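*Asks:* Spelled out, the chains give:
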Amino acid sequence: MSDACQDISQGHPLLEHVEVLGNERLAKGVGLVTLKAPRIAAAVEPGQFVHLRIAQGRDFILRRPFSIHRAEGDDVEILYQVLGRGTRELAGMGTGTAMDAVGPLGCGWRVADGVSHVLLVSGGLGAAPLGMLAERLAERGVAVTVAMGAPTDDRLVARELFEGVARRVEVTTDDGSAGMRGFVTLLTQELIAAGEFEQICACGPEPMQRIVAAQADAAGVPCQVSLERLMACGIGACLSCVVSTREGHKRACVDGPVFDAREVVWDASEVPPKH
Amino acid sequence: MSDACQDISQGHPLLEHVEVLGNERLAKGVGLVTLKAPRIAAAVEPGQFVHLRIAQGRDFILRRPFSIHRAEGDDVEILYQVLGRGTRELAGMGTGTAMDAVGPLGCGWRVADGVSHVLLVSGGLGAAPLGMLAERLAERGVAVTVAMGAPTDDRLVARELFEGVARRVEVTTDDGSAGMRGFVTLLTQELIAAGEFEQICACGPEPMQRIVAAQADAAGVPCQVSLERLMACGIGACLSCVVSTREGHKRACVDGPVFDAREVVWDASEVPPKH
Amino acid sequence: MTFSTDMSVAIGTLSLRNPVITASGTFASGREFADFVDLSRLGAIVTKGVSLEPWEGNDSPRIAETASGMLNSIGLQNPGVEAFMERDLQWLADNAADTPVLVNVSGHTAEEYARVIERLETVDNVAGYEVNISCPNVDEGGMVFGMHCAPAADVVAKCRRATERPLIVKLSPNVTDVTDIARAVVAEGADAVSLINTLLGMAIDATTFRPKLARGVGGLSGPAIKPVALRMVWQVANAVAVPVIGMGGIMTAEDAVEFMLAGATAVAVGTASFVDPTAVIRVIDGMAEFCHARGIRRAADLTGALVAEPDA
Amino acid sequence: MTFSTDMSVAIGTLSLRNPVITASGTFASGREFADFVDLSRLGAIVTKGVSLEPWEGNDSPRIAETASGMLNSIGLQNPGVEAFMERDLQWLADNAADTPVLVNVSGHTAEEYARVIERLETVDNVAGYEVNISCPNVDEGGMVFGMHCAPAADVVAKCRRATERPLIVKLSPNVTDVTDIARAVVAEGADAVSLINTLLGMAIDATTFRPKLARGVGGLSGPAIKPVALRMVWQVANAVAVPVIGMGGIMTAEDAVEFMLAGATAVAVGTASFVDPTAVIRVIDGMAEFCHARGIRRAADLTGALVAEPDA
Ligand SMILES: Cc1cc2nc3c(=O)[nH]c(=O)nc-3n(C[C@H](O)[C@H](O)[C@H](O)COP(=O)(O)OP(=O)(O)OC[C@H]3O[C@@H](n4cnc5c(N)ncnc54)[C@H](O)[C@@H]3O)c2cc1C
Ligand SMILES: Cc1cc2nc3c(=O)[nH]c(=O)nc-3n(C[C@H](O)[C@H](O)[C@H](O)COP(=O)(O)OP(=O)(O)OC[C@H]3O[C@@H](n4cnc5c(N)ncnc54)[C@H](O)[C@@H]3O)c2cc1C
Ligand SMILES: Cc1cc2nc3c(=O)[nH]c(=O)nc-3n(C[C@H](O)[C@H](O)[C@H](O)COP(=O)(O)O)c2cc1C
Ligand SMILES: Cc1cc2nc3c(=O)[nH]c(=O)nc-3n(C[C@H](O)[C@H](O)[C@H](O)COP(=O)(O)O)c2cc1C
Ligand code: FES
Ligand code: FES
Numbered sequence: 259m260s261d262a263c264q265d266i267s268q269g270h271p272l273l274e275h276v277e278v279l280g281n282e283r284l285a286k287g288v289g290l291v292t293l294k295a296p297r298i299a300a301a302v303e304p305g306q307f308v309h310l311r312i313a314q315g316r317d318f319i320l321r322r323p324f325s326i327h328r329a330e331g332d333d334v335e336i337l338y339q340v341l342g343r344g345t346r347e348l349a350g351m352g353t354g355t356a357m358d359a360v361g362p363l364g365c366g367w368r369v370a371d372g373v374s375h376v377l378l379v380s381g382g383l384g385a386a387p388l389g390m391l392a393e394r395l396a397e398r399g400v401a402v403t404v405a406m407g408a409p410t411d412d413r414l415v416a417r418e419l420f421e422g423v424a425r426r427v428e429v430t431t432d433d434g435s436a437g438m439r440g441f442v443t444l445l446t447q448e449l450i451a452a453g454e455f456e457q458i459c460a461c462g463p464e465p466m467q468r469i470v471a472a473q474a475d476a477a478g479v480p481c482q483v484s485l486e487r488l489m490a491c492g493i494g495a496c497l498s499c500v501v502s503t504r505e506g507h508k509r510a511c512v513d514g515p516v517f518d519a520r521e522v523v524w525d526a527s528e529v530p531p532k533h
Numbered sequence: 259m260s261d262a263c264q265d266i267s268q269g270h271p272l273l274e275h276v277e278v279l280g281n282e283r284l285a286k287g288v289g290l291v292t293l294k295a296p297r298i299a300a301a302v303e304p305g306q307f308v309h310l311r312i313a314q315g316r317d318f319i320l321r322r323p324f325s326i327h328r329a330e331g332d333d334v335e336i337l338y339q340v341l342g343r344g345t346r347e348l349a350g351m352g353t354g355t356a357m358d359a360v361g362p363l364g365c366g367w368r369v370a371d372g373v374s375h376v377l378l379v380s381g382g383l384g385a386a387p388l389g390m391l392a393e394r395l396a397e398r399g400v401a402v403t404v405a406m407g408a409p410t411d412d413r414l415v416a417r418e419l420f421e422g423v424a425r426r427v428e429v430t431t432d433d434g435s436a437g438m439r440g441f442v443t444l445l446t447q448e449l450i451a452a453g454e455f456e457q458i459c460a461c462g463p464e465p466m467q468r469i470v471a472a473q474a475d476a477a478g479v480p481c482q483v484s485l486e487r488l489m490a491c492g493i494g495a496c497l498s499c500v501v502s503t504r505e506g507h508k509r510a511c512v513d514g515p516v517f518d519a520r521e522v523v524w525d526a527s528e529v530p531p532k533h
Numbered sequence: 353m354t355f356s357t358d359m360s361v362a363i364g365t366l367s368l369r370n371p372v373i374t375a376s377g378t379f380a381s382g383r384e385f386a387d388f389v390d391l392s393r394l395g396a397i398v399t400k401g402v403s404l405e406p407w408e409g410n411d412s413p414r415i416a417e418t419a420s421g422m423l424n425s426i427g428l429q430n431p432g433v434e435a436f437m438e439r440d441l442q443w444l445a446d447n448a449a450d451t452p453v454l455v456n457v458s459g460h461t462a463e464e465y466a467r468v469i470e471r472l473e474t475v476d477n478v479a480g481y482e483v484n485i486s487c488p489n490v491d492e493g494g495m496v497f498g499m500h501c502a503p504a505a506d507v508v509a510k511c512r513r514a515t516e517r518p519l520i521v522k523l524s525p526n527v528t529d530v531t532d533i534a535r536a537v538v539a540e541g542a543d544a545v546s547l548i549n550t551l552l553g554m555a556i557d558a559t560t561f562r563p564k565l566a567r568g569v570g571g572l573s574g575p576a577i578k579p580v581a582l583r584m585v586w587q588v589a590n591a592v593a594v595p596v597i598g599m600g601g602i603m604t605a606e607d608a609v610e611f612m613l614a615g616a617t618a619v620a621v622g623t624a625s626f627v628d629p630t631a632v633i634r635v636i637d638g639m640a641e642f643c644h645a646r647g648i649r650r651a652a653d654l655t656g657a658l659v660a661e662p663d664a
Numbered sequence: 353m354t355f356s357t358d359m360s361v362a363i364g365t366l367s368l369r370n371p372v373i374t375a376s377g378t379f380a381s382g383r384e385f386a387d388f389v390d391l392s393r394l395g396a397i398v399t400k401g402v403s404l405e406p407w408e409g410n411d412s413p414r415i416a417e418t419a420s421g422m423l424n425s426i427g428l429q430n431p432g433v434e435a436f437m438e439r440d441l442q443w444l445a446d447n448a449a450d451t452p453v454l455v456n457v458s459g460h461t462a463e464e465y466a467r468v469i470e471r472l473e474t475v476d477n478v479a480g481y482e483v484n485i486s487c488p489n490v491d492e493g494g495m496v497f498g499m500h501c502a503p504a505a506d507v508v509a510k511c512r513r514a515t516e517r518p519l520i521v522k523l524s525p526n527v528t529d530v531t532d533i534a535r536a537v538v539a540e541g542a543d544a545v546s547l548i549n550t551l552l553g554m555a556i557d558a559t560t561f562r563p564k565l566a567r568g569v570g571g572l573s574g575p576a577i578k579p580v581a582l583r584m585v586w587q588v589a590n591a592v593a594v595p596v597i598g599m600g601g602i603m604t605a606e607d608a609v610e611f612m613l614a615g616a617t618a619v620a621v622g623t624a625s626f627v628d629p630t631a632v633i634r635v636i637d638g639m640a641e642f643c644h645a646r647g648i649r650r651a652a653d654l655t656g657a658l659v660a661e662p663d664a
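Taken in sequence, the protein lines are chains A, B, C and D.
Be aware that the first sequence starts at 259, since it is given in my numbering, and climbs by one per residue.
Be aware that the second sequence starts at 259, since it is given in my numbering, and climbs by one per residue.
Be aware that the third sequence starts at 353, since it is given in my numbering, and climbs by one per residue.
Be aware that the fourth sequence starts at 353, since it is given in my numbering, and climbs by one per residue.
Same shape as in the complex, but just chain A:
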């Protein structure tokens, strides 16, 4: 386990039988599933994820990782985008569907005591691991500003959540259907340069995270990013999920998914094939 992760002493992962309590379509190809998962819900920290066994057959055998968007009482919420077979099956799951989940996994966001204002940057489904973070920071009295971007207005998922807890929410859409037209990195350029933030937490497409990381670096603001890799085990054993860092290959599943942006060697880090 990475030192960073041990610092915040995140708990032990467990195998839990979970049940779908609700499954809501938010936009085309985007949904929010609520799972009854009391033990995971009790243990999860912002930025962690669950590894879901979506398929029952032996044809498609690997679990699929999903960030925990929110946790409340016995329940966890997952924000998902339909990409392939696993997420398609997830989207089709009705109330009562049983699955098993391994979690909570990974090393989440680390916002030290004393930090007073944090910028959260979300691109598209990047909102997924930031929802719980925004809530927890607000609870701790940390000021939160959110910069979020999406292709279109209806894809600004989690906007309401953020507006409920953040001091300020700025949006961009690729088509201008809400907020400024363009990528979220246009917004962050200004926001970061303005110098209000002691920390940045970013999640979204890897090129976006990379740009935000560079902006943060230029402004001298610490920045954390949440990186996705294809994962087999999800618990640190198989080395399928490595991220290139200054200290060599690190495992996104246990040393991440949240990394200090300056640690990441962006050039060598591949993104999974795009559609």
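Careful: at least some of the hints might be erroneous.
Example chain C residues on the side facing chain B (calculated, C-beta under 10 angstroms, incomplete) [claimed, not checked]: (1) Arg383; (2) Ile426; (3) Gln429; (4) Pro431; (5) Cys501; (6) Ser625; (7) Thr630.
Sample of chain D residues with no beta-carbon within 10 angstroms of chain A, all distances over it, derived [said to hold, decoys possible]: (8) Ala419; (9) Asp450; (10) His500; (11) Arg535.
Don't read these hints as lab results, they were simulated from the structure.
Model, not experiment: these values are computed from the prediction.
By construction, the Cβ of each residue, glycine as well, lies at the ideal position given by its N, Cα and C atoms.
We have chain A; now place chains B, C and D with the ligands onto it with these hints.
*Replies:* Chains B, C and D with the ligands alone, transformed into the frame defined by chain A:
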């Protein structure tokens, strides 16, 4: 195609999208599923089967063959025994489940005009391909006697159907819970020797069919048997389903499943591994 | 639709209306599929393996299902070349005259292969031969030829002398280096190679303690083997200059495209036809749609179009 | 319960409490699974491959899912034998002292393999070695050694001279005749062989025209390969006199029993641990139940108990 099959000019098989109309549990591990399959129902002859695509995934890929037990209007009925994964999935299918079926397939029972009294011999699920035969013979005015055996009373599936159309129904059970105690071949020994029948049609475990065939042969009565083989294509192309006959390997799916018992070379014909 | 994709491809001198053919042994000679498939739409029909004399094949059970695949140990049951010509080729001449017929050829000895071909040279409706040196289900001949370069070369040399028609050699995946065998058969004049035949496998019934196949071992086909097949097609396409016919687990048009990208000029649909008797048509239509949706004007442009560098 | 099955088996001089071990590279050194698995219940722990110096492994993406299987191209990333001893072996000594540890060994040259072993000879809690001459994911070394008899024999001879501990040699399935390699390594003193490592495969993304793995090719594991694995275990168990450790697609106790019937003395659970982190325990418990239900008094009696004649 075998000459026998061409004689009765059974129609062309087709690929039909079918729907489960009902699925009833008859005994432990035995059920009756009713499928809406208008085109197959219209074309099927007694003793033919359908090749069902039960699985949707790519893990278990092959179709599963099932005799058509009855056909009425747009519907066909299948009597099934739960043995493995496919039949387990079939047993779990609720009303409205869609599947695709290839059928009607194979060469069924052949009872020539002029035959006036036929003995049907059913061992266990052997009743499956005999239900429709009993009905059609009765419609044609042919006298039908049924000898049926099963492990226990509740497994004497199709008994009511047979009692509705046959002149006489004799039963045996392994445990004596209905009819005579013992195997059905005890009954047939007497019945056949009594010399009332011009033809015998038998279906059940292969050792049983073999004994009935020998009894028929000794009595000089023509006998047909319905043989099961593991089947891939079901339409005569792959040669996975061969039965050893006096004329060499024949395909159970198109040259059978119903064969003239004297044609079959019993010694070399294997049964699929038993449980 | 502002253009239509040219689906035709060429295997040496043989031109196919589209790259999708049937895999030997999974489509018989087409007759059994005529109720489901318009045979005139196929790129070619590849027949079940044919030998000089009738072969009885192996005992039952001959198949077993496995995870995403199946084992078969048919053992090349066939009525021999004479009966094949009378029944199958005649039926094809009468019912599918427009579609090239490739006869899959087997033998116990190199001479037998050549004699099957010699016999078939006397009829017109044979467009070419697929020489099967890779069947894992017969004791003599079959895979034994395809596992080492010298016997493989010998069979091909003798077949080559027997015909000027397109000669395709079907390779076994059960080898250390498939490119060695590919080079050896191309050196003897093979016009194309096809691969993969089945992987040698076994299934055991834990309840009976017995093999699931009467013969013990059999050939594995279906989606399970696709990764191995793609790898070998890619290796062979990069190793020899002749066209490659790719197969192994193709169920969908997308699977077929993957084989083309790996370097195949044409593809064969096998086990999929058992699961869905219309599979070969679905693959043809799906490939045309795929090309059209992406503005690909010639299906042949897919061949070898794999971008080897990882995505940036 | 009128008796309890004796689950122990012996791999040469090494005795295991039950026949179920972890497959190298799928269980790290056990630490990551300690939240899910009671390590003291395992037959043995086989570690991830260890080399003399640290290896960085391959670029991402390193895995791709396939029908009933997965490809991996990890490339034996490991921190080198020194760090391995400090971290992994020490952790195992502190946390799983009762369970035999078999270290999976890799190298670029035969000498490197031997030097890794020499280094490990200095610590107590190594019960034996599994020499990996079959990794398809590294350019030098790895599978190259395992594909031909002479280099395989050379590696084993050098390793044999370096240790008297049990020496298991892990065989590659990507060969024409796995029994040749098995005989060659046994002749050099291997105490056991384990198989199969992964089948070399490839996956292609038809939408991007790119390989799904950064390295292009990778190793296929999971249920898809079970038929090939069973066949090879059966062949090798009939060809050599040393114990065979069987693996490849074991997901359930029944799968494990099938490998024992085919001739394996012990079995390894690999990819299944990714799907279900408790898989190895499920297999152990299931095998005990299987034996008990059938009145089998010694799990070792399953080994080679396949009835070769077809069912009558
Ligand atoms: C730590 C972590 C947290 C994640 N959190 C979320 C989340 O909260 N919500 C969410 O929707 N997704 C999340 N993902 C991504 C999610 O795991 C994948 O989208 C999912 O596994 C795809 O499965 P599938 O079967 O639908 O697609 P597949 O059929 O496996 O793949 C379909 C296509 O999507 C691509 N793909 C697969 N995984 C990814 C990925 N990680 N990134 C980009 N492309 C991918 C494949 O290469 C392929 O082209 C997370 C991933 C990680 C590693
Ligand atoms: C022409 C024909 C008609 C048939 N009609 C009927 C019918 O009307 N009702 C019915 O219940 N079954 C019928 N069967 C048998 C039926 O096809 C099988 O029981 C079914 O395919 C088993 O599928 P599964 O996935 O449940 O079992 P699998 O998981 O495939 O097999 C489970 C176990 O059953 C054994 N098995 C599989 N098929 C058979 C078989 N045909 N006979 C004996 N053992 C077998 C296997 O070897 C294995 O040990 C028929 C078979 C044929 C060839
Ligand atoms: C039942 C069956 C019979 C086969 N018979 C032959 C044959 O006669 N000659 C041959 O070259 N290949 C034969 N094959 C191999 C196929 O042509 C093909 O190479 C293999 O099945 C892989 O393709 P698939 O996965 O699409 O089925 C046979 C395959 C199966 C499943
Ligand atoms: C991610 C991964 C990493 C592996 N690493 C190694 C390794 O380091 N050394 C080795 O000998 N085998 C390695 N293997 C091969 C496995 O030990 C095993 O032989 C193979 O996966 C087949 O078993 P399975 O189908 O149960 O996974 C690895 C397999 C996987 C999937
Ligand atoms: S997914 Fe296995 S180590 Fe990260
Ligand atoms: S099942 Fe294919 S020929 Fe009978």
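*Asks:* Would you mind marking each hint as holding or not holding in the structure?
*Replies:* Each hint tested on the structure:
1. Arg383: Nearest chain B Cβ about 8 angstroms off; hint holds.
2. Ile426: Holds, because the Cβ-Cβ distance from Ile426 of chain C to chain B comes to roughly 5 angstroms (cut-off 10 angstroms).
3. Gln429: Holds, about 5 angstroms.
4. Pro431: Pro431 of chain C check passes; min Cβ-Cβ to chain B is 9 angstroms, inside 10 angstroms.
5. Cys501: violated, 31 angstroms
6. Ser625: Result: holds, 7 angstroms to nearest chain B Cβ.
7. Thr630: Hint on Thr630 of chain C: holds, closest Cβ of chain B at ~6 angstroms, below 10 angstroms.
8. Ala419: Not fine: 6 angstroms to the nearest Cβ puts Ala419 of chain D too close to chain A.
9. Asp450: holds, 21 angstroms
10. His500: holds, 28 angstroms
11. Arg535: The claim holds: Arg535 of chain D sits with its nearest Cβ about 32 angstroms from chain A, beyond 10 angstroms.
Checked against the numbered hints above, the structure breaks hints 5 and 8 and satisfies the rest.
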